[in-house]
Every structure is written in structure tokens, then in C-alpha cells.
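Visitor: One line per chain: the protein sequences are A and B, in this order.
FYI, my numbering numbers position 187 of the first sequence as 187, with every residue one higher than the one before it.
FYI, my numbering numbers position 514 of the second sequence as 514, with every residue one higher than the one before it.
A couple of the hints might just be wrong.
Calculated cross-link-like contacts (lysine to any residue; reagent style SDA-like; alpha-carbon spacing at most 25 Å) [claimed, not checked]: (1) Lys510/B <-> Leu240/A; (2) Lys479/B <-> Ile227/A; (3) Lys478/B <-> Leu225/A; (4) Lys492/B <-> Glu222/A; (5) Lys478/B <-> Arg22/A; (6) Lys479/B <-> Met33/A; (7) Lys510/B <-> Met33/A; (8) Lys510/B <-> Leu206/A; (9) Lys492/B <-> Tyr35/A; (10) Lys251/B <-> Ser50/B; (11) Lys478/B <-> Ser223/A; (12) Lys510/B <-> Arg29/A; (13) Lys510/B <-> Ala25/B.
Calculated directly from the structure, the hints in this document are not laboratory data.
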Amino acid sequence: MADQASGGKGATNDVLAWLLDRAHDADNRILEMLYSVVHGTLRWFLLLRESPAAMLGFVLIGFWVFVAVFAPFLTSYDPNALDYAMLADPTPKWMPWEAHWLGTDELGRDIWSRLIWGSRTVLMVAPIAVFMAYLVGCTMGMLAGYLGGWVDMLISRISDIILSFPVLILFIILITAIGPSALNIIIAVTVASSPGIGRIARGMILDLRNHEYVDAAKIRGESALYIMVVELLPNARGPLIVDACVRMGYTIITIGVLGFLGLGLPPPDPDWGGMVVKAKGFISIWPHMAILPSIAISSLVVGFNLLADGLREISMRD
Amino acid sequence: MTDSSHDDTPVLEITNLGISYFVRAGEIPAVPDFSLTLRRGESFGLVGESGCGKSTVAMAIMNYLGNNGAITRGSIVFEGRDMADFSPEEMRQLRGSKIAMVYQEPMSALNPSLTLGTQLKEVPIYHEGASDREAHDRAIEILADVNMPDPESVMKRYPHQISGGQQQRVVIAMAFLANPSLLLLDEPTTALDVTVEATVIDLIANLRKKYNTTLIYISHNLGLIVKVCDRIGVMYSGEMIEEGTIREVFKNTKHPYTYGLFDCIPSLNADKHTRGLAPIPGQVSLPHERPPGCAFGPRCRYFEAGSCDAERIEIEPVDDSPTHRVRCIRWNEIDHRPPLPVTDLAEAGGRVPAEVLHVEDMDKFYEQRDMSLSSLISGGSIRYIRANEGISFTARRGRTVAIVGESGCGKSTFAKVLTGLETATKGSIRFNNENIAMIPIEDRDPELILALQMVFQNPDGTLNPSHSVGGAIGRVIKKFGLASRRKDVDAKVAELLEVVRLPAEFARRKPRQLSGGQKQRIAVARAFAGNPAMVIADEPVSALDVSVQAAVINLLMDVQKKFNTTLLFISHDLSVVRYLADTVVVMYLGQIMETGTAAEIFSPPYHPYTEALLSAIPIPDPDIQQKRVRLEGEIPSVFNTPKGCRFSTRCPRHLGDICDNQPPPDIEAAPGHRIRCHIPIEELKQVEEIFRSAALE
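Please take these sequences and the hints and turn them into a complete structure.
Guide: As C-alpha cells, then:
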């Protein structure tokens with residue numbers, strides 16, 4: 001169905017076919033992989049175009065990625081520089097008609113500048129954290145699902161223990177134990193998320209390993225590692241990719257919450273969650289200080305969720 | 001059959017019915033034009049390959065086409081009233097009371113959370129307002145009609161507590177309960193074992209006589225249609241291409257597609273040495289790509305450009321017969337000849353080739369630990385599942401050995417032990433004089449692994465959906481060290497694709513872009529890539545349409561001949577086995593009941609189980625009569641195998657205590673022909689032939 005769906009668009013199809021040809025004719029593996037990845041991404045993108053929700057999500061995420069990449073060109077303010085004139089002025093801090101078009105915070109720091117520099121942290125930490133969680137989670141899930149027996153027992157019980165903690169308490173325990181920093185947030189997210197991912201992967205593998213192609217691989221003497229990584233994992237990718245998108249949204253919220261609890265990135269670096277908690281005391285006088293970073297967080301989260309919905313829709317249709 | 005005189009209105013009258021599905025890509029005309037008239041008590045068989053619109057017609061009659069399906073033209077008149085005039089509420093009343101349907105999967109047709117009694121009683125209670133007591137009595141009565149043992153207790157059970165065959169009987173009972181005037185059966189026995197299928201088919205034939213029900217029987221199996229129906233319609237690509245009485249269509253076949261179907265089916269009185277199989281080339285064209293003129297044109301041997309593809313071909317009567325009609329403009333000219341036998345096959349009588357596989361007294365038991373609390377307290381108990389017991393047979397180079405048996409007989413377990421996915425509990429399997437029974441796959445030498453390859457049953461499961469065809473075959477080539485440089489691997493892949501007669505471009509395709517038959521060809525190419533000494537084929541064609549089945553069987557034989565490979569063919573389909581096998585091993589509940597050459601197995605003396613199996617084969621020939629041997633009861637549980645002869649609980653020739661308590665001896669009926677039975681061989685030899693050709697008498 002997927003191929004028929006994009007059937008009408010001749011030119012894009014030609015591009016797809018060309019990419020596939022290149023991938024097939026490439027004489028080294030890296031080039032081949034590169035072409036296949038570009039081909040796969042383009043194909044998914046073409047499919048995504050048919051789902052308005054996914055496109056909206058894509059635009060929202062794209063906006064923040066663009067802003068993060070080009071942060072230095074989009075503002076002339078240092079996010080940590082204090083504007084003493086604003087600091088001295090007791091009138092409302094939000095004067096979009098003036099130099100700071102989203103206003104400043106109580107210390108006179110430019111909010112727009114803090115938001116876009118803050119997006120850099122979020123968009124660095126969240127994907128790395130989710131990626132690490134996936135690395136650990138998929139490995140756990142694959143081992144548990146494929147090997148079964150006591151390996152499954154051990155991994156599943158460890159997961160149960162981690163999952164029995166309320167997530168927030170787990171984060172607080174972990175971060176207070178190892179101290180707040182970008183790396184430690186990544187570690188905390190990995191510890192807290194990988195059991196959930198492991199469960200999804202385990203369930204998928206349990207189902208997939210009964211397929212005859214697994215027996216076929218065993219009969220030609222493939223190792224367990226090969227079967228897990230090459231035969232099984234690629235077929236579990238659909239639900240895992242969808243979950244990764246949702247989880248990305250959650251992780252962004254988590255980073256925000258950690259910032260709000262004072263466990264985020266240490267000041268003065270801009271951090272969306274930190275900005276909201278700072279604004280808490282001024283919410284009746286200068287509500288924009290809390291609203292703007294909140295909008296930033298939710299737009300990115302909504303973006304990822306919409307993308308996940310779209311991906312789910314597409315994968316169901318295939 | 002049309003003796004019910006009082007009412008002459010047809011039960012069902014379909015005229016020029018068109019059915020389309022509407023999807024994102026546009027309208028898909030699944031059935032362009034379909035007409036059918038059925039009178040009371042008639043039984044009509046609808047055959048055709050998958051995707052030809054059989055089920056769509058049935059769904060249209062039930063007015064159950066789903067959200068995206070619609071009737072675009074024509075009418076369905078049921079008992080004199082156009083079904084388009086029925087309100088949704090009337091339609092709902094009609095379903096289950098006047099029109100009933102039986103589907104392929106009994107497990108999904110029954111509600112797993114309600115007892116069978118509740119589900120059966122629902123029919124009279126809902127449709128006729130019967131009281132609970134009445135409904136109960138009716139249900140008991142119908143359960144007795146479908147030969148269910150102990151109806152009272154069945155009423156209290158849940159669907160999962162009875163076997164698949166019994167489930168299907170309950171579904172059939174439910175359909176007959178409302179005494180419908182029209183019953184639709186959509187492949188009702190496809191999911192069942194052969195011997196169970198035979199009893200269900202008998203049952204349907206009997207009930208239909210008793211209740212004078214009009215029947216539409218949808219099946220891909222021509223042999224079943226012969227047993228149940230008076231008339232048959234052959235569908236192709238949404239159109240009826242030939243219809244008539246059973247005798248007309250089977251004995252005076254006119255349409256090239258119908259011939260084609262017959263030529264695909266192995267016949268029981270011929271094997272590969274006497275008559276070949278001729279697959280129909282190509283595939284059914286997709287509904288929205290139907291060619292102009294005859295839909296079968298692109299695949300037809302007798303296609304004539306200019307006339308066959310000129311304009312739509314109307315269905316016309318054959319030789320003024322009131323019933324026999326055919327949709328082919330050349331039916332008068334075509335002189336069809338049956339396919340030629342396969343030539344230059346190794347003659348079975350020639351020099352005896354070397355032994356490749358010698359299995360001796362092999363056992364495979366599975367341990368089942370009872371983990372329940374009570375058994376832990378009482379010291380724990382280990383039960384054994386005797387999946388294979390005392391298996392002994394030999395296979396010779398270049399020959400085909402078939403293992404036959406119903407589900408649960410242990411044939412797949414044997415394949416697992418042979419390939420090393422499991423290890424034997426006892427005994428030996430000598431493969432090229434090396435005992436491999438106890439060597440798991442991880443400890444096997446690469447040469448041994450290469451020498452023993454396998455083709456699996458399910459075309460959709462056998463190829464990894466994430467890997468391209470070239471990748472899948474290429475991996476085997478690299479794994480076995482046949483080539484390592486990319487160019488060489490690609491060349492070898494292309495070579496193998498040519499062997500299985502697929503174009504080289506297929507290397508880039510993903511499995512989802514292939515049809516079932518193509519996938520199975522890839523699986524064959526993959527198994528034969530390393531030129532193995534032996535290939536195990538576990539039901540390789542049972543999930544395929546007949547025309548594709550013939551092609552894959554021919555391919556297997558070809559490749560086998562080319563590489564002089566020994567083939568171990570596991571199957572439940574005896575007609576295919578008759579065609580393909582040199583020697584046959586008949587298994588029942590983990591034990592071998594009979595071994596011998598194909599000719600020996602298919603003629604007396606028979607083991608009583610073999611006799612029942614042969615009697616259950618649906619034969620697509622109205623002239624061949626089978627002696628009727630039906631098995632009572634169900635296959636015993638693997639935990640609780642009978643102490644004496646495994647077959648004793650169901651054996652129609654049961655002798656008495658000796659069968660129940662003593663394991664039977666292996667008697668040698670002829671050199672190499674062994675029968676495991678207590679009945680003296682002289683007595684077995686007096687058994688008459690199962691198959692009798694009525695035409696000769």
C-alpha cells in the first residue's frame with residue numbers, strides 16, 4: 001500500500017528509485033548505509049505528508065531545531081547578560097515594541113535569547129537521553145525476550161523494581177545522589193526509562209522469535225547475537241520508533257520538571273524549566289516570564305506527540 | 001434435489017451484481033458482474049483461487065461488506081424480495097435466522113467468554129422468542145445431530161475446552177439451529193485435519209438433506225465440492241467463468257482456467273512418472289488492472305490476440321445445456337490435452353542409490369514440569385510428552401521421502417531434531433554415517449549445517465520482512481563461504497534466482513512486494529544455495545493456491561534433480577505425497593504406523609490408520625468412489641498416550657484388549673513395507689482397495 005500511495009508523484013518516486021539504485025550499487029558498506037538511510041527517511045517523509053497531524057508536529061519540532069541550530073544569528077543578546085536599564089525600571093518587563101521583543105525577566109535578561117539558547121540544551125539532552133535509554137532498554141529487552149529463562153527472570157525483576165518507584169521520586173533520588181548536570185540528567189533518564197522500553201522490546205521479540213525466519217537463521221547456524229540484532233530488531237522498529245517519539249516528549253517534560261524542582265542544569269545557563277520556576281514569584285506582575293517558557297516546552301512536547309500519532313497511523317496502515 | 005414442490009420462487013437470485021471497494025487509491029471493482037440463481041434445497045459450490053471474489057460475494061449476500069465496500073449495480077433477491085429494500089433492523093433479523101454463515105476459523109466465530117450453551121441458546125431466544133427451556137432442548141437436539149458426544153456437558157463448556165473439529169461442529173450446529181433457508185459456508189474445513197474434515201463434510205451433507213437447506217459452499221478444494229454440492233461455479237477475477245452441474249464441469253470441462261485448475265491438482269491414480277502437473281503461469285490480475293476482454297487472457301494457453309482481448313466476453317450456454325455455461329469465446333475450438341509426465345526422472349526400480357539418512361529407534365520426549373502448588377507439595381511431578389517414539393526409516397540419495405500425518409503426530413518435531421533445533425532423547429540419526437541425533441545446531445560443523453537445509457510452511461513467515469531478497473539469499477552464500485566478494489555474491493544470487501525462475505531484479509525486492517508463491521520460491525533458492533545433501537520441506541505448499549502449489553512442487557522436483565538432493569517432504573496432503581514421494585512414512589501420535597513405497601502405501605494391505613487417511617482424501621473426480629472409513633473421537637492428548645497401540649482409541653478395526661494394552665509389532669508386509677499393527681498380515685491383505693473408479697464398472 002505504501003508504494004501505491006506515493007505512486008502518483010513521479011518525480012519523487014524517481015528520486016527514491018535513484019537512491020535505492022545508488023544504495024545497491026555502492027561498493028562500500030558505509031556509502032550503502034548512507035544511501036539507504038536517506039532513502040528510508042525520504043520515504044517516511046513522503047508518507048508523513050499525508051497526515052496533517054504529523055506534519056504539524058514536524059513543523060513544530062523543525063522550528064525548534066532551526067532555532068537551536070541558528071541561535072547566535074537569531075538574537076544579539078547574550079542569554080545571561082543583564083540589562084541594567086530594564087532591571088532599574090519598575091514598569092512591566094514585557095514591552096515587545098522595544099528592543100527585547102519577548103521582554104526580559106526580573107534580572108533584565110532577554111527572554112527570547114534565553115528561550116533559544118535554552119532550546120539547545122533541551123534538544124541536546126533529550127535526544128541523547130532517549131537514545132541512551134533505548135540502547136540500554138533494547139539490549140535488556142532483546143536479551144530477556146530471546147534468551148528467556150533465568151536471564152529473562154533477572155532482567156524482568158530488576159525492571160519491576162525500577163518501575164515500582166514513582167518516576168519523579170526516582171529522578172529526585174538519582175539527581176540528588178549524583179548531582180545536577182546534563183550528563184546526570186541523561187543517566188537518570190536512562191535508568192528510569194530503559195525498563196519501560198525493555199518491556200516493549202521484550203514483548204516484540206517474544207512475538208517475533210516464533211517466526212519461521214528465525215528458525216531458518218538458526219538452521220544456517222547464525223549466532224544468537226546475529227539473530228537478535230539483524231533478524232529481530234529491525235522488525236520491532238515500528239512500535240519502538242513511535243514510542244521513542246512519545247518518550248522524547250516525556251523526557252522534555254521531565255527535564256522541565258527537574259529544572260522546576262531546581263534539579264536541572266545549574267544556573268546561570270538558560271533552562272526552560274528553571275525559567276518557569278524563577279517566574280513563579282512574579283506570576284501576577286509579569287506573567288509572560290512563566291507563560292513563554294511554558295509555551296516553549298509544550299509546543300515541543302506536542303510536536304513530538306503529534307509526530308508519534310502520525311507515525312502510528314502510518315505504521316497501522318502499512 | 002429440487003423435490004420441494006410447494007414453493008417455486010428461487011431462494012436466492014443474484015443478477016448482474018457489481019461490488020466495489022473504495023480505498024484511498026480509488027474504486028476497486030472486486031466483482032464486476034455476477035449472477036446466480038439458487039432454488040430450495042440446492043447446493044452450490046463456488047471455487048477459485050484466493051483473490052477471485054468468492055468471499056466478497058458471500059459477504060454481499062450477508063450485506064456485510066464493511067465500511068468501504070458497496071454494491072454498485074445489480075440486485076440480490078432473497079425469497080422474492082430485493083435485499084436493497086430491507087431496513088438495517090430487518091437485515092439484522094434475517095442474519096442468523098434466514099441466512100446463516102459458517103466461517104473458516106471456528107475459534108474466532110465463537111465467543112471465548114461465554115459457554116457454548118449460552119451461545120447456542122441465543123439463536124432461538126433472539127430470533128424466535130423461545131423460552132430458555134425450549135432453547136435448551138433445541139440446542140441439545142442439534143448438538144446430537146452434529147454427532148457431539150455428551151451434548152449436556154458440551155453445553156456447559158467454553159470454546160477453548162473442545163477441539164477445533166468440535167468447535168466447527170458447534171458453529172455448524174448454531175447455523176442450522178435457526179433452520180435457515182440459505183447457508184453460506186466459507187472454507188469451513190480448511191483449518192481442520194483431513195480425517196476431521198471428512199467427518200465434518202459428511203455432517204454438512206447429511207444435515208443439508210435433513211433440513212433441505214440451500215447451500216453455498218465456498219472452497220478452493222475441488223474435491224470437497226464434489227462431496228457436498230450438486231452444482232459448481234468457477235470464479236476468476238470476480239467473474240463466474242464456468243458453471244454447471246458437478247458432472248458437466250468435471251467431465252465436460254470447457255473453460256481453459258477450469259482445465260488449468262484440474263491440471264494443477266495431483267491425481268491419486270498417477271504419480272510424477274505417469275502424469276505431470278501443469279501450473280497456470282502468472283498471477284490473478286488485480287481488480288483495477290483487469291485486462292480488456294477475457295480476464296484470464298494473459299494467463300491462458302489458448303489466448304488469441306484480437307478476439308480474446310477485443311471486448312467483454314459474455315457467459316454462454318454449452319451445447320444447449322440448461323445448466324452448463326462458460327465464459328470463453330473459443331470453448332468450441334479448444335482441444336485440451338492433459339499435461340505430459342515428467343521425463344528423465346531416476347527410475348525407482350533402477351540401481352539403488354546410497355543411504356543418506358538412517359534413523360534408528362529415535363525418541364524425542366519433552367519434559368513437562370508441573371509447577372502447580374499441589375504437585376510441588378506432593379514432591380513434584382515430571383510428565384513426558386512423547387513427541388517421537390521409536391522412529392526408524394532410511395532415505396536414499398536423490399529420492400523423496402514423505403512423512404504424512406495429521407497435526408500433532410510429531411512430524412515437525414522430527415524435522416526439528418534432524419536440523420538440530422532440538423536433540424533426540426534416545427536412538428540414532430545417521431546422516432552420511434555420522435550420528436547427529438544428539439548434536440545441537442550450535443555444535444554442528446559448518447559442512448553438516450550446509451548439508452541439511454529446510455524449506456518452511458508459511459510463505460509469510462519464512463522471509464524476514466526487513467531484508468531484501470538479495471540480502472536473504474546473499475547471507476546464506478556468505479555464511480556458507482561460497483563467495484565473499486560482493487560481486488561474486490551478487491552473481492551467485494542472480495544464478496540462484498534463475499534456478500527458481502525469478503527475474504534477477506527480484507534481488508532488490510522486499511518480501512512484502514512478493515506473492516506467496518514467489519516467497520516460497522525464494523525460500524527454495526535459499527535452502528538449495530549451498531547445494532545441500534538433504535532438504536527438509538515442512539508443508540511447503542499447504543498455504544498456497546493450487547496453481548501456485550503445482551509450480552512450487554515442480555520447482556522442488558527440478559531443483560532436486562539438478563542437485564541430486566534427498567528430499568524429506570513433510571505433509572498432510574496425501575494427493576501431493578502420492579505425486580511426489582518415492583517412499584512414505586505414515587505417522588500417528590509420535591509413532592510410525594506404516595512405511596513403504598508410495599505404491600505400497602496407496603494400495604492394500606493398509607494400516608487401519610492409513611486406510612482412514614486415504615478414505616478422507618477429497619478427490620476432485622465424481623467417478624472415483626472411496627470406501628468410507630471414518631474415525632470416531634479425537635486424537636488423544638500428548639500427555640496421555642494410549643498404553644498399547646497409539647491408534648487404539650480411534651481404530652475402526654480395534655481387536656480388543658490386546659490393542660489397548662500391548663504395543664503392536666512391526667509386521668513386514670513386503671520387503672521394506674512395514675505395518676505396525678496387531679491384526680495378522682493375511683487379514684490386512686484381504687482389505688479391499690479404497691479407491692474404485694465408477695467409470696470402469
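Visitor: Indicate, hint by hint, whether the structure satisfies it.
Guide: Okay, the hints, checked on the actual structure:
1. For the proposed pair Lys510/B and Leu240/A, the alpha carbon gap of about 21 Å is at most 25 Å, so the pair holds.
2. Distance check on the hinted pair: Lys479/B and Ile227/A sit about 13 Å apart at the alpha-carbon level, within 25 Å; holds.
3. With a C-alpha separation of about 17 Å, the suggested pair Lys478/B and Leu225/A falls inside the 25 Å cut-off, and the hint holds.
4. Restraint check: the Cα-Cα separation between Lys492/B and Glu222/A comes to about 20 Å, which is no more than 25 Å; the hinted pair holds.
5. Under the criterion of a C-alpha separation no larger than 25 Å, the hint pairing Lys478/B with Arg22/A is consistent with the structure, at around 22 Å.
6. A C-alpha spacing of about 21 Å is found between Lys479/B and Met33/A, which places the hinted pair at or below 25 Å, so the restraint holds.
7. Restraint check: the Cα-Cα separation between Lys510/B and Met33/A comes to about 16 Å, which is no more than 25 Å; the hinted pair holds.
8. With a C-alpha separation of about 23 Å, the suggested pair Lys510/B and Leu206/A falls inside the 25 Å cut-off, and the hint holds.
9. Restraint check for Lys492/B and Tyr35/A: satisfied, since their Cα atoms lie roughly 24 Å apart, inside the 25 Å limit.
10. Taking the CA atoms of Lys251/B and Ser50/B, the gap is about 24 Å. The hint holds against a cut of 25 Å.
11. Annotation: proposed proximity of Lys478/B to Ser223/A holds, straight-line Cα distance about 14 Å (limit 25 Å).
12. Of the pairs offered as hints, the one joining Lys510/B and Arg29/A holds, with about 19 Å between alpha carbons and a cut-off of 25 Å not exceeded.
13. Among the hinted pairs, Lys510/B with Ala25/B is consistent with the structure: their alpha-carbon atoms are about 22 Å apart, no more than 25 Å.
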